[in-house]
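Student: Next come the chains, spelled out residue by residue.
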Amino acid sequence: MAISVKVMNRPDPEDTSYLRAALSGMALTFRHLVNPSKVTQQYPEEPTDLSPRWRGTHRMEVHADGRPKCVACGLCPTVCPANCIRLVGGEDDQGNRYPIVYEIDEFRCIFCGMCQEVCPVEAIHVGQHFENAEYTRSRFVYDLDRLMEQDHPTTLLWDPSDPSSE
Amino acid sequence: MESLQPISGPWALIAMSLKVTIIFGVLVLVVAYSTLAERRVSAWIQDRRGPNRVGPFGLLQPVADGIKNLLKEETLPATASKAFFVLAPMFVLVPSLMTFAVIPIAAPLPTPAGIVDMIIADVPIGILYVLAFSSLAVYGVVLGGWASNNKYAFLGGLRASAQMVSYEVALGLSLITVLMMSGNVTLTEVVWQQQQLGMWFAFPLSLAFILFVISAFAETNRLPFDMPEAESELVTGYHTEYSAMKFSAFMISEFGHMVTASALMATLFLGGWDLPGTWDDAFWHEGQLIRGFTQDGVIVLANPAWWKTVLTFGGFAIKTSFFMLLYIWIRWTLPRFRYDQVMALGWKVMLPTALAYAMLIGGTILVLDEVGIRWGFSYGLALTAVSGVATAGFVFFLDRGRTIIGAAGQSRQKVSITGISQPATAGD
Numbered sequence: 809m810a811i812s813v814k815v816m817n818r819p820d821p822e823d824t825s826y827l828r829a830a831l832s833g834m835a836l837t838f839r840h841l842v843n844p845s846k847v848t849q850q851y852p853e854e855p856t857d858l859s860p861r862w863r864g865t866h867r868m869e870v871h872a873d874g875r876p877k878c879v880a881c882g883l884c885p886t887v888c889p890a891n892c893i894r895l896v897g898g899e900d901d902q903g904n905r906y907p908i909v910y911e912i913d914e915f916r917c918i919f920c921g922m923c924q925e926v927c928p929v930e931a932i933h934v935g936q937h938f939e940n941a942e943y944t945r946s947r948f949v950y951d952l953d954r955l956m957e958q959d960h961p962t963t964l965l966w967d968p969s970d971p972s973s974e
Numbered sequence: 005m006e007s008l009q010p011i012s013g014p015w016a017l018i019a020m021s022l023k024v025t026i027i028f029g030v031l032v033l034v035v036a037y038s039t040l041a042e043r044r045v046s047a048w049i050q051d052r053r054g055p056n057r058v059g060p061f062g063l064l065q066p067v068a069d070g071i072k073n074l075l076k077e078e079t080l081p082a083t084a085s086k087a088f089f090v091l092a093p094m095f096v097l098v099p100s101l102m103t104f105a106v107i108p109i110a111a112p113l114p115t116p117a118g119i120v121d122m123i124i125a126d127v128p129i130g131i132l133y134v135l136a137f138s139s140l141a142v143y144g145v146v147l148g149g150w151a152s153n154n155k156y157a158f159l160g161g162l163r164a165s166a167q168m169v170s171y172e173v174a175l176g177l178s179l180i181t182v183l184m185m186s187g188n189v190t191l192t193e194v195v196w197q198q199q200q201l202g203m204w205f206a207f208p209l210s211l212a213f214i215l216f217v218i219s220a221f222a223e224t225n226r227l228p229f230d231m232p233e234a235e236s237e238l239v240t241g242y243h244t245e246y247s248a249m250k251f252s253a254f255m256i257s258e259f260g261h262m263v264t265a266s267a268l269m270a271t272l273f274l275g276g277w278d279l280p281g282t283w284d285d286a287f288w289h290e291g292q293l294i295r296g297f298t299q300d301g302v303i304v305l306a307n308p309a310w311w312k313t314v315l316t317f318g319g320f321a322i323k324t325s326f327f328m329l330l331y332i333w334i335r336w337t338l339p340r341f342r343y344d345q346v347m348a349l350g351w352k353v354m355l356p357t358a359l360a361y362a363m364l365i366g367g368t369i370l371v372l373d374e375v376g377i378r379w380g381f382s383y384g385l386a387l388t389a390v391s392g393v394a395t396a397g398f399v400f401f402l403d404r405g406r407t408i409i410g411a412a413g414q415s416r417q418k419v420s421i422t423g424i425s426q427p428a429t430a431g432d
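Chains as they are written, first to last, in the numbering used here: chain X, 809 to 974; chain S, 5 to 432.
Bound conformation, chain S alone:
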């Protein structure tokens, strides 16, 4: 019989080394293949076929890209600030890959030496660690833009800093509701509370989910928020002067951010590795791996199994890939926002909405606790109803079209100011 104790001693060291190696390796592999996925999906959306020449179905394309980038000439602009120019890609790359360390990827795995948690570092500051490291990446972008000594790169870096700071506010505020629900900042506990609630946070916190997704798009500098790159305005923005592997490092970090943000969205709002039903639930409660409590508060022990770990990892992978596909899908659908539209959306819409929603959810939780409803399915349903109303109101407000006015709205405003009458009907 396998022991239900956490793995300890020298075996813990081995397990940790294996976990770090495997998770990091798989993460880098996923990042490499997401570049291929981006190119294939964009091609399919545009009725093309995409890269399919290197290896079967083009599956060796990332390898070919890597070799090409390694063999390419590294350029160093004569007027660039050399030390920072070299440092910037590292500053971007490292945080984007480190963030993954606190995300639980599957149910605990039982081994003869004890139970292994499927997470690299179950640190008690979980979400704070994610926020800290994801905001570190902006330094690399700003540094790269400034050190290039190129006006386009510099503008890209400036835009990146303003945009990432703006949307981090909305991101953090939409996270507050998740923290209020889970009562803790560790991501394992966030997953556990979703298992206990009987529904994923995407339903009881639907508006926070929407705000988080939008903010995550802005934080990862993906279209329609790719102001720092904006190739039609700024050449390619902050990495204009970079070539070969340094440029590749920026690209890897962009996709690394996407994978991490997708995994984070899956963990916070779609239950992480949780699959429907209570058969896979597992959480360390006072030194015991438990599956839940009975009505009287008696502990029900979990029975971990390797097939549960595999299945839950599959669920986590599917949820993460869904968000990756969403990223790519939206990129190849929506045009880039104008800069003032980005700022208006961030400060005038996202921030007040997130603030009001946090107060609403806080109040609802208070009322539910006062009424005495137990943390469970009915608790979630009540919150889902409140959130549904809030989401409907938010969508109704956005749908008025006042948020992001197109070019027509701008020209019409100008015309009315100068008093020149516009033709009532269009004609040539």
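Bound conformation, chain X alone:
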């Protein structure tokens, strides 16, 4: 492979002036100095804007009567690459399957969002939320009740026919 040299298009030293360049630089910095719009986000006071495709804390969708939408099909623990979902399914009198145990370890989760993609009844979701600090490690294993309590907006899945989500 041949070595390629990039020749920078520098100004001719006979045409450059340190003084003029310095003065125009100072004018530029002064404009930024007095410009009231700053890029810093005042995070705790001003909430951060999350992308609609941000994949954060999980939540479980519920029916109107308060039951989880999950049918304990077992697809999400199967597809989960980090193996962070524990699911024990049960069956009620009418033969409806429901989750007896549904736990997600938020520490092991890599937030790939495959559980949401694979879910046939749109029950488990990743959400637009990230502020989930706790004092103990055990609190990071979210059980079914806690997943159902979450009320942040769910993540918008990427649509291949609409790549830029418009």
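Hints are supplied without guarantee of correctness; some may be wrong.
Which residues of chain X face chain S? A few of them, derived with a C-beta cut under 8 angstroms, are [stated by the list, open to error]:
(1) Ser825
(2) Leu827
(3) Gly833
(4) Thr837
(5) His840
(6) Lys846
(7) Thr848
(8) Asn891
(9) Cys892
(10) Val896
Since the hints were derived computationally from the structure, they do not count as laboratory data. Yeah, the Cβ is synthetic: ideal placement off N, Cα and C, and Gly gets one too.
Fit chain S to the supplied structure of chain X, relying on the hints for placement.
Tutor: Chain S only, in chain X's frame:
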């Protein structure tokens, strides 16, 4: 009626103690808050917000920094020269704060016991004292760099000594014109002569003003002249091995130098505490506080008042803050010079220019005195015209771009020497 006599006796002792305490306290406070100002202004220039968490608008940030530095571990390198290592921060800190003692900060304050000058020490050697003490600071920097037994610190110290010695020459030579104008080295007299002239020395001595500002930047080791620190080349230069309060002492002294240099520039070239008009003029002339002379040379007595002192102090503070802002503004605009550029600017541009300008101003003053123009506004206007021409010539010369050639100029010279043809147009 308050007496127009200078304060004397035990009251003078009390007034002096109060002045020393208040001025030193305010100076240290200003230094602490200039660190905050630097961080806030640099943030604003970069479209950030800067420290605003500690207290309202981040105003308690210097306190938090101070507590942090006091509680931090003091490190002492095993191979360092211990005595000098400990001594160096003191050597830097003390002169940077002492210089302020000879700068007049406001019009004299009348009290029932007499008139109090708003200056700690109106010593007859004024400017010489400033030059002596500001050049003492280089010892601390060199000592700190050498005692650390660290090659980067040592290089920083070496650079500091070479740079500060080089620019002190231009600094002193640009001061000569001010001394020729004021006819005395006390800073109170420099202020008085500017009041008498009816214009601040920045106009009749415009080129000296520019040279002094540039030299002052180099003397305080501020960007674009911060060769002794040069964090991209020398870690942080002479204070690489320092931590906690010793490092803080170096920082305080840097900002102390900045405040003092700003106050000095304001005093020498922007009239010090003088405000436009003659209502605030005051000077001790043969034991009397005078405001000026009539056409026939009869003394006009000054009538000092506390509100005049307050107003003139406000003027002095505004002028000093302007230079502080200039320091910070330039630091966050211009990149650091290469070492040879610093030396070339100091010895090949500043020194000859300052020398030639001193001769020009000396000649002009001689001519004006021979012609018989009185020290006053027309005298100043004549000097302003001469200086304006000199400044325009200096700027024209600098504007040719031969002074500080960028990397392009260097590479082009090398290419022409070795005879390899460079592509005429740029391309990938």
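Student: Does each hint fit the structure? Answer for all of them.
Tutor: Do the hints match the structure? See the list:
1. Ser825: 5 angstroms, holds
2. Leu827: 5 angstroms, holds
3. Gly833: 5 angstroms, holds
4. Thr837: 4 angstroms, holds
5. His840: Where the cut-off is 8 angstroms and the nearest Cβ of chain S is about 5 angstroms from X/His840, the hint holds.
6. Lys846: 5 angstroms, holds
7. Thr848: 4 angstroms, holds
8. Asn891: 41 angstroms, violated
9. Cys892: With a closest approach of 36 angstroms, the X/Cys892 hint is violated.
10. Val896: Hint violated; X/Val896 Cβ to chain S Cβ min 47 angstroms, cut 8 angstroms.
Hints 8, 9, 10 from the earlier list are contradicted by this structure; the remaining hints agree with it.
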